[in-house]
Structure formats: C-alpha cells, structure tokens
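Novice: Sequence lines, in order, name chains A and B.
The first sequence begins at 0 in numbering that gives the first Met the number 0 and counts up by one.
The second sequence begins at 0 in numbering that gives the first Met the number 0 and counts up by one.
The hints are simulated quantities; they were obtained by calculation from the structure and are not laboratory data.
Treat the hints loosely; a few may be bogus.
If chains are identical, the list can't say which one is meant, so a pair holds when it fits in one copy or spans any two.
Unchecked claim - Simulated pairs of lysine to aspartate or glutamate, EDC-like, Cα-Cα distance not exceeding 20 Å:
id, residue 1, residue 2
1, Lys9, Asp69
2, Lys348, Asp469
3, Lys389, Asp263
4, Lys545, Glu504
5, Lys9, Asp272
6, Lys62, Asp74
Quick caveat: nothing in here was measured; it's all calculated off a predicted structure.
2 protein chains.
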Amino acid sequence: MARIEPRILKGFRDYLPEVMIPRTRLLRRIVEVFERYGFDPLDTPSLEYAEILLGKAGPEAEKLFYRFEDQGGRDVALRYELTISLARVVAQYRNDLSRPFKRYQMGPVWRAESPARGRFREFWQCDVDIVGTDSLLADAECIAVDYSVMRALNVPNYVIRFNNRKLFRGLQARIGVSDNAVMDAVMRGIDKFDKVGEAGVRAELTGQVGNGGFTAAGLELVFEFLKLAEGNLATAARIEKLASFLKGSELGERGCAELREVYDNATALGVPDEVLRVDPTIVRGLDYYTGTVFETFLLDLPGFGSVMSGGRYDGLIGLFAGEEIPAVGISVGIDRLISALEELKLLPKARSTAAVLVTVFAPETQGYSLKATSALRKAGVPTELYLDTKAKLGKQLKYAGKRGFPLVVIAGPEEEKEGVVSLRNMATGEQSRIPFSQLVQAVQDNYVDPDPGVATGRSWDWEFRADMIDRVPPVGGVYLLRNGNHEVLKCGWATFGNLPDAIRESVSGEQRAEVKAFDWYEVRDDRLSQMLADFMNEKLNPKFGKA
Amino acid sequence: MARIEPRILKGFRDYLPEVMIPRTRLLRRIVEVFERYGFDPLDTPSLEYAEILLGKAGPEAEKLFYRFEDQGGRDVALRYELTISLARVVAQYRNDLSRPFKRYQMGPVWRAESPARGRFREFWQCDVDIVGTDSLLADAECIAVDYSVMRALNVPNYVIRFNNRKLFRGLQARIGVSDNAVMDAVMRGIDKFDKVGEAGVRAELTGQVGNGGFTAAGLELVFEFLKLAEGNLATAARIEKLASFLKGSELGERGCAELREVYDNATALGVPDEVLRVDPTIVRGLDYYTGTVFETFLLDLPGFGSVMSGGRYDGLIGLFAGEEIPAVGISVGIDRLISALEELKLLPKARSTAAVLVTVFAPETQGYSLKATSALRKAGVPTELYLDTKAKLGKQLKYAGKRGFPLVVIAGPEEEKEGVVSLRNMATGEQSRIPFSQLVQAVQDNYVDPDPGVATGRSWDWEFRADMIDRVPPVGGVYLLRNGNHEVLKCGWATFGNLPDAIRESVSGEQRAEVKAFDWYEVRDDRLSQMLADFMNEKLNPKFGKA
Numbered sequence: 000m001a002r003i004e005p006r007i008l009k010g011f012r013d014y015l016p017e018v019m020i021p022r023t024r025l026l027r028r029i030v031e032v033f034e035r036y037g038f039d040p041l042d043t044p045s046l047e048y049a050e051i052l053l054g055k056a057g058p059e060a061e062k063l064f065y066r067f068e069d070q071g072g073r074d075v076a077l078r079y080e081l082t083i084s085l086a087r088v089v090a091q092y093r094n095d096l097s098r099p100f101k102r103y104q105m106g107p108v109w110r111a112e113s114p115a116r117g118r119f120r121e122f123w124q125c126d127v128d129i130v131g132t133d134s135l136l137a138d139a140e141c142i143a144v145d146y147s148v149m150r151a152l153n154v155p156n157y158v159i160r161f162n163n164r165k166l167f168r169g170l171q172a173r174i175g176v177s178d179n180a181v182m183d184a185v186m187r188g189i190d191k192f193d194k195v196g197e198a199g200v201r202a203e204l205t206g207q208v209g210n211g212g213f214t215a216a217g218l219e220l221v222f223e224f225l226k227l228a229e230g231n232l233a234t235a236a237r238i239e240k241l242a243s244f245l246k247g248s249e250l251g252e253r254g255c256a257e258l259r260e261v262y263d264n265a266t267a268l269g270v271p272d273e274v275l276r277v278d279p280t281i282v283r284g285l286d287y288y289t290g291t292v293f294e295t296f297l298l299d300l301p302g303f304g305s306v307m308s309g310g311r312y313d314g315l316i317g318l319f320a321g322e323e324i325p326a327v328g329i330s331v332g333i334d335r336l337i338s339a340l341e342e343l344k345l346l347p348k349a350r351s352t353a354a355v356l357v358t359v360f361a362p363e364t365q366g367y368s369l370k371a372t373s374a375l376r377k378a379g380v381p382t383e384l385y386l387d388t389k390a391k392l393g394k395q396l397k398y399a400g401k402r403g404f405p406l407v408v409i410a411g412p413e414e415e416k417e418g419v420v421s422l423r424n425m426a427t428g429e430q431s432r433i434p435f436s437q438l439v440q441a442v443q444d445n446y447v448d449p450d451p452g453v454a455t456g457r458s459w460d461w462e463f464r465a466d467m468i469d470r471v472p473p474v475g476g477v478y479l480l481r482n483g484n485h486e487v488l489k490c491g492w493a494t495f496g497n498l499p500d501a502i503r504e505s506v507s508g509e510q511r512a513e514v515k516a517f518d519w520y521e522v523r524d525d526r527l528s529q530m531l532a533d534f535m536n537e538k539l540n541p542k543f544g545k546a
Numbered sequence: 000m001a002r003i004e005p006r007i008l009k010g011f012r013d014y015l016p017e018v019m020i021p022r023t024r025l026l027r028r029i030v031e032v033f034e035r036y037g038f039d040p041l042d043t044p045s046l047e048y049a050e051i052l053l054g055k056a057g058p059e060a061e062k063l064f065y066r067f068e069d070q071g072g073r074d075v076a077l078r079y080e081l082t083i084s085l086a087r088v089v090a091q092y093r094n095d096l097s098r099p100f101k102r103y104q105m106g107p108v109w110r111a112e113s114p115a116r117g118r119f120r121e122f123w124q125c126d127v128d129i130v131g132t133d134s135l136l137a138d139a140e141c142i143a144v145d146y147s148v149m150r151a152l153n154v155p156n157y158v159i160r161f162n163n164r165k166l167f168r169g170l171q172a173r174i175g176v177s178d179n180a181v182m183d184a185v186m187r188g189i190d191k192f193d194k195v196g197e198a199g200v201r202a203e204l205t206g207q208v209g210n211g212g213f214t215a216a217g218l219e220l221v222f223e224f225l226k227l228a229e230g231n232l233a234t235a236a237r238i239e240k241l242a243s244f245l246k247g248s249e250l251g252e253r254g255c256a257e258l259r260e261v262y263d264n265a266t267a268l269g270v271p272d273e274v275l276r277v278d279p280t281i282v283r284g285l286d287y288y289t290g291t292v293f294e295t296f297l298l299d300l301p302g303f304g305s306v307m308s309g310g311r312y313d314g315l316i317g318l319f320a321g322e323e324i325p326a327v328g329i330s331v332g333i334d335r336l337i338s339a340l341e342e343l344k345l346l347p348k349a350r351s352t353a354a355v356l357v358t359v360f361a362p363e364t365q366g367y368s369l370k371a372t373s374a375l376r377k378a379g380v381p382t383e384l385y386l387d388t389k390a391k392l393g394k395q396l397k398y399a400g401k402r403g404f405p406l407v408v409i410a411g412p413e414e415e416k417e418g419v420v421s422l423r424n425m426a427t428g429e430q431s432r433i434p435f436s437q438l439v440q441a442v443q444d445n446y447v448d449p450d451p452g453v454a455t456g457r458s459w460d461w462e463f464r465a466d467m468i469d470r471v472p473p474v475g476g477v478y479l480l481r482n483g484n485h486e487v488l489k490c491g492w493a494t495f496g497n498l499p500d501a502i503r504e505s506v507s508g509e510q511r512a513e514v515k516a517f518d519w520y521e522v523r524d525d526r527l528s529q530m531l532a533d534f535m536n537e538k539l540n541p542k543f544g545k546a
C-alpha cells in the first residue's frame, strides 16, 4: 500500500502538548471567572443549516463559510461564530430559558480566510453574553468579567477602552452627515485609528469629504471629537467633555449618559478606575453593535490590538424570535491572548503535566516501581511511569530531562531491600534516599504546582518573586513562609479573597531574602483561619515573630 | 424580512445549561485523572484531508463521513474519530515527540449515521492513548485509568471485563478453522454475546458451520471456551483454565501469558481485584485490535453496554509513518456514561452554576447590591446579580426559585442603613440579617459546593449520607464534623489520599445521627495536617472526644 503523506490543511493547526498544556490551564481559569459571574455553560452543534448560520452575514462574510450539501441534501455549514447559534437557541427554547439568559460558550469556529500570521481557518471563541435585558448593569457586568479574566490570568499593564456607539450618531448630527452609509465609512475609518494613527485616518476620511454632507469642516470636527479623550483627565470629566461636544443630539447625549452609568456600575462592581478609559476612537468593526463597546489592550504590546472585546448589540439576537431582544456580550480572543502572553514571557511553559517520573530499574523491581506510582497518584500527584522495563536507567533519566519532569523516583533492588526510594531533583541533580512511607511528602516538599488554580498549594524555591504569589488564587486561608530548610519563618491568615495580598505584604525589606518557600491553604471559614493561624503562631514559634 | 424558523439538523443537539453543567463537571474530573496518569493534552483540526481521515475505514464507514470539497477544491472531511489524527500527528512530528507518546484528546466527532436514541451525528470522544511501546505495562496503565475514572466519578458497582484478542487465534487453531474470514465472522458473533445471549450467538454461529473448516464439534468447543469464564474463580485460576484449553497454540498461550501480566500489573497499580474480570466473550467490535481488549459495564444497568472501552492496536498508528508503531488506548463514552449516571440518579443536576442571587431592591440601593456582589465574587463565591433594577422583589425571588439558586441576598434601604444584608435560604425559606462584613462567611456556612473537585470544601446539612463524602477528593488534610449549630463534634486528619475514607470512618453508630455537616481542608503536608488536628483537638474540645 502506498504510504499516505501526513499533512494538515492550510490554515489549520495541531496543538501539541507544549502549547496545549498552558492553553488548557488558561481556559480553565477563564471558565472559573465566567462561572463566578453566574454564567452557565451552553454548547451548540458545529454544523447547522446554512440558512441559520448565515443570519445577517453580508456577502463578504458569506464567502468565508464552509458550506456544503450533506448526505440528506441539506444545505449546511460549519459555524462562523457563536452568537448566531445563541440567537437560534434563544428563539427555539424561549419557553424553557429564563430571561435574562446568561451563558458562556467555548469552542471552535471555521472561516475560509486567507491564512496569515496568527489567523487560522479553525480557531476558538470564548464568549459570554447576557440576553434579554437592556439594563446597563449587564454592560457593566461584561466589563467586570473582562477585568476579572485579566486578573485571573495575571496580565499586567492593560487598559479596557470603552465607548458607546450612540456617540457616533451624535457626531453624525454634529457634523451634518445626512447619509448613514457615509457615516458608516467614517466610523470604519475611525476604527483603524489604533493601527494607522491620525494621519492614516485623516487620509481615509478625506476620501469621503463631499459625500452625503461630509464637509472639510466636518472632518476637522471629527478629529476634535476624537482628541477629547486625550490627556490626563478623570473619567467623569472626560465623559463631560464628550457630552458637551455632542450637546443637542439626543442620541449623543443618551450615549454619554450610558457611558457614565456603565462606568459607575463597573467601578461599583470592583473594576479599578485605572484600568478603565473612555475612548471615542473605539468603534468595533462588526456593525451590529448598538451601544456600549469595549476593547482590551496590553500596554506592553502597543499595536498588538485587542485581546478581549465586546459590546451591546440589540438587533441580532431577536433574528429568529421575531422580536427585538437586547443583548450584551464579551469575547476572549484566546489564541491572541496566548500569543500576547507568550511574547511577554508570561505564559508558564510546560512540556508535561506530570510532576514525577517513576523509573523502572529492572524487571525484578517493576512491582516496587508500580507501588510507588500508585501511592503518588493516589495522593493526587500527577505521575508518569516509565514503560520500558528493559531500558537502562541513563536512558530513562535522559527521557525525564527531555520531557521536563522536575522529579524522578528511582526504585531499584537496593532501595527495595531497604524500603526506601531515591528521589532525584532534575534541576539540581541532587538525589536523596527517602523511606517509602515518606515519598509523597518528599515529592510535595520539592514540587511546585504550576497551576494550583484552587484551594491549596506550595511554592518551593520561591525567591519571593511576585509571579509565584500571583499563582495563588484570591481565596481566604492560612499561609506559612519558610526558609530553605523548611523552617517556619512566619504564619498568618487572610479573610476570604485576600490570601495573595496577605502573603505579598507579609514580609518586607531584609526578611524577604530569607524566604525560600511558602505554603498556603484555602480555608472556607474565616473564624477557623484565624484560629489556625493563632495555633500555628503559638506552636511553631515563627522566627520572624507572630503575625 | 421573513422570519427564519429556528431549528437544528436532525441527529444534532443543543446542550442547554441543565445538561451542560454536570457534563462540564464530569469532563473536568476525567481530565484530572488523565493528567494524574501523566497524559498530556493534544488537539487536532476537526477538518482534514479526506485521504487522511478515511485511513483504514472500510466502505461501510466511508459512507458516514461528512465529506465535501472546500473553497480551494480540496477533498476534505470532518473527523469520524480521533485515533486516525493521532496516527497522523505521530508521523508528522516524529522528531519532536518523545516515545512513548502519551496524550489525551477530547472533542467532537461527526458521523452521518441514522439518528437513534442515544446516537447522534455529532458527539464527543474522550481518548487516552499510549503510542510507541509494546510494553504490557501500558495496557495495565489504561485499565488503571479506567478504574480511576470510575472512582473519580463515584460510579458504584461496575466491572472491567478484559480479554486478549490472541486467544481467538488460539481458539481458531483449536477448532480447526482455516479461513480467517470465517473466524472473523465467529468473533463478530461472539461480540454479540452480551446483547443476544448464548442462544442468539449459537443461532448466528450455526450459520457458519460448514465454512472454512468450522464444524459442529468446533461450534461446541467455542461454547465450551466461552463458558470457561463462568463461575466464581480467582482471576489467576480463570486464566489458567483458558490457557490449558488453548494449550498447543502459540498465539493462544501468548495471549494467556499477556492476560496474566496485564492483570498482575493492573493490580500492582492499585486496581482492586473485585472490579477486574477476565472474560473470553469480550471481542470489541472494531477489528484493528491486536491484543488486550477491555470494556466496562455497570452492574446496576444490565444490557446498557460498555461505558469505557479500549485495547491494544499495533497496526493502525504506523499508517502514515510507514512503520509498525504499537499503541494501546482507552475511550470514555462520555455521553453514554452521562445517560447511565442519569438513569442511576447519580448525576447531580444543576440549573445554575451560581450559589447566590443578589437582588436589587430599588435603583437607590443598587450600589449596595453591587458592593455585595463584588465582595462575594472576590471571595470566589459564584454569584449572579439581578439585572433589572425595576423588578419587584417578589419577581426576583421567583426568578431565583426557577433558576435554582440556593441562596438569595436582599440588600434594601433598611439593610443598607443598618449595614446588614438579609440572606434567604431558598430551600427552607428562612431569612436572617447579617452584618455586611460577615456576608461571605454566612454564605459559606450555608452553601454546599456541588463540585469541590480539589482541595477544600464544606458539606452542610449533611446527614452522613455516603454520597456527600464521595464528593471529597482523595487528598490528605484535616476535617471537622459539626452539629446543626456549627459546634465541633470531632476533628481529625488523614495522610495523602485518604481524606474521604478518614471522614467516612470517623464516627459510627449513634454518633452519626448528630453529625449535620463537615468541613474539610486539603493540606499538602502530612506533618502539618497532624499538627493542625492536634491543635484543633486541644482547643476546640470536640464533643465526641479527641480523634
């Protein structure tokens, strides 16, 4: 038989483990945020009637659908995005779903676009949407989700730039453009501000002067409007400037009132003022947005574009229901975000999920190795067993190095006779003999969980680097700081939500240098946390004194 | 514009939140097991060259592919299963991937089958495979994964029935069938044993008598062979009976030796003897299996079929590499398993992921509600904010009931003035006023996390029902048993892996009735667990005495 050449389609890609491991961890954290905000998971078919999926897509988008006739002669297509299926679900199950309907959905979508750097024909979307309410609280919730996702992923230095599409209708009135198509062209020009700068936008808009009431004076007014956002002003003052510029336009004034309300609600929901910025250059390319729009930019990657965006779109979700259904949503550009974090060296790489490789010294001691493997896994330690019982130990250690396992267990005949195992730290090459019964503890003492996610963990070989504390989730509980010999330097506790901050602020100055590791334990009871910390302070005599 | 009717394709389905919530939780637990066994995640495109995906599929399967020509005139198809793409990946990245390559993959596959109850045209597969080793340790690892998944999902009363395809070659020699195609037909008949019983199989095999050396005496020998597995025998003795029946056939004897080795390794890896059963009627329909095969049956659902299956297939993975690459794997029938758990009433239903609804009493107190929402979310409590500030409280409570939120926060003007909130338990209708600063604690005191997953949790209103303890993951740590007034009855600790068992065995007899709740905290340090338990026993004076 002729060998078939292994290849994949242009514009598609495989996610090998090295990429998939951090990706999976990121998605898990994003799901955790979505659920913390009360969004429930939904899944819909990848394949639907083309008639449904095409929805309001224009002829340009239509060309990009993977569309074909199925075995039953039906005109079907792969989904191009997730929102149109949400619109179908809302119409189809209208009697079963509560309103508002808050759902998150994550999954692949397909577009037959020309492949380019960072652009694929199959890629994931991660959306949350709130359907069925025009309350601006919902817009603020989406911005708060944005903030919480960035926080959960420990993204530093970013800004959520937000705007309201109604402002452009106010601007249209102010500059006297009578033709909506011309205003749309003006907005498409403004949308490129980030990419092409003022000069680029000016060149593009100049081409529209003379059309549909757009004058050279109007062009100058556009730039006057766009510049209202510049400089160091408080958000309220910034909105005030926009409002006074648009005075007299009902839609413009309404847009500004909405901006104000969304801003107030977002900050009341805990979004810090410093990550929010009203910005009249934010348009959002897609033309179905009707009110609030927002995009998220990484300050350390200028020109990279938005990694999380969304807005209010009151005209789309009702498409199949035959009525107008208001909606607001946000989409995480997961693959863009991963690229960005990679570029910023903020993505913890991992060649394997396992913490330990258990080697098999010889066929005779295989049973002892299996016993060690089983004990580690039972205790929740991700453990790989070396499978070739005939391979030399050197080969097994080389494999461990290649796969990036931090620890290796050696359980040879000598070890078995003495009831011990050898534990090798692959980073330092140190190897120590440990009674079998203490194996799990020794692994825990030497292993840093790269993705503690929830509830408990230990960070070993921590040189008080901020990013180690960043891995601690915002829970309540107790913590212990230790030196290189596992001795306790300090214990303390934190109320719900405050554990990372408490650890971060627990020592300062010269004490920091001595801290080499910390343990932390989520306790879902503040009274108990306090009591445990008191106990530990009393019994362990921490070197730095009682907290 | 004419309204488009909202509908989905025949054989496809939407997963609404009520189904998606437990499904997501199950998948999360399965991933946790896969990673604990050192499998790394992989993802591959849904759409590939038809030439690749068709692989070794016969003409029957070929008809079921969703296959079409893409915009570039390429002959493409949606994947039918995940293994063929694994074969492609192994060939394509041969220089980058270590051997053995252990990966898990979860995702949808598409088959244009006639829809039937429980059979869909788009469904998920969850596979783990170990590629590149013929070590029988790998076969045992797959069986151990099977066991650990069942355990992680708290499935009671099941059996993993395993066999080795080489036994059938031994049987073929024993009954003198010269034509492999006839033996294949005999095996296909045996494969139906579970569905149609002995009489059904006999009827089918009788039709083959006279073909390719298959005699009436041979037919009787087949049933003699199949019955060797009956009765109450230890596994070793059972294998011994099969081996002596197949004596003289090299392949038959080798198959029995492999059965023995796989069984020994699986038990050494911690799989309890009582869930393992050698069974010569296990064939596995797919014909690419070459050695070990196994299926998992729920004893409480006879006739339901296997929920997790797999085996060794040494001929498929090398398809694109141009060499033979041994492989063994296991696949979780996630949707079948969910149906089964539903039928057994073992699937915790959930109408929402959120624990609390924060109501908005009036527009004036909206800020106070937002503050409560933010505080709860910051502490990690999944919280939904009611979004319509104009809705009456009664309507909001009705909504909470419909959505199944266990707790509701009421933060009206009176509450705000006094710096308290009202917390309403939706199950009992009880409502209590709580200082704002104690809101998070009060929610934790009254909320049972339905999916603690890892590391910490509290089970409230627990009447010492076994299924509540089953939710505790197998970690180490400390626990507290409490009565209805939160008073501590007993404290204790458990070494790594043993927390659920320790809680289960902590009280007995008449003490049980008094226990109404328990807290548990994972501690990744046995020394610390012991110390904490000592402290708690000393300070809290547990009513039942010291552990």
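Novice: Given identical chains, is Lys348 near Asp469, meaning Cα to Cα at most 20 Å, within a copy, between copies, both, or neither?
Specialist: within (16 Å within a copy, 34 Å between copies)
Novice: If the cutoff is 20 Å on CA atoms, where do Lys389 and Asp263 land: within, between, both or neither? Let me know, please.
Specialist: between (67 Å within a copy, 18 Å between copies)
Novice: Give the relationship of Lys9 and Asp69 under a CA distance limit of 20 Å: within one copy only, between copies only, both, or neither.
Specialist: between (23 Å within a copy, 11 Å between copies)
Novice: Classify it for me, Lys62 with Asp74: is the Cα-Cα distance of at most 20 Å met within a copy, between copies, both or neither?
Specialist: Result: close both inside a copy and across copies, 15 Å intra and 18 Å inter.
Novice: Under a CA distance limit of 20 Å, which applies to Lys9 and Asp272: within one copy, between copies, both, or neither?
Specialist: For Lys9 and Asp272, the Cα distance exceeds 20 Å both inside one copy (44 Å) and across copies (50 Å).
Novice: Between the shortest in-copy and the shortest cross-copy C-alpha distance, which are at most 20 Å for Lys545 and Glu504: within, between, both, or neither?
Specialist: So Lys545 and Glu504 pass the 20 Å test inside one copy only (14 Å; across, 36 Å).
Comparing the model with each earlier hint shows a violation of hint 5 alone; every other hint is respected.
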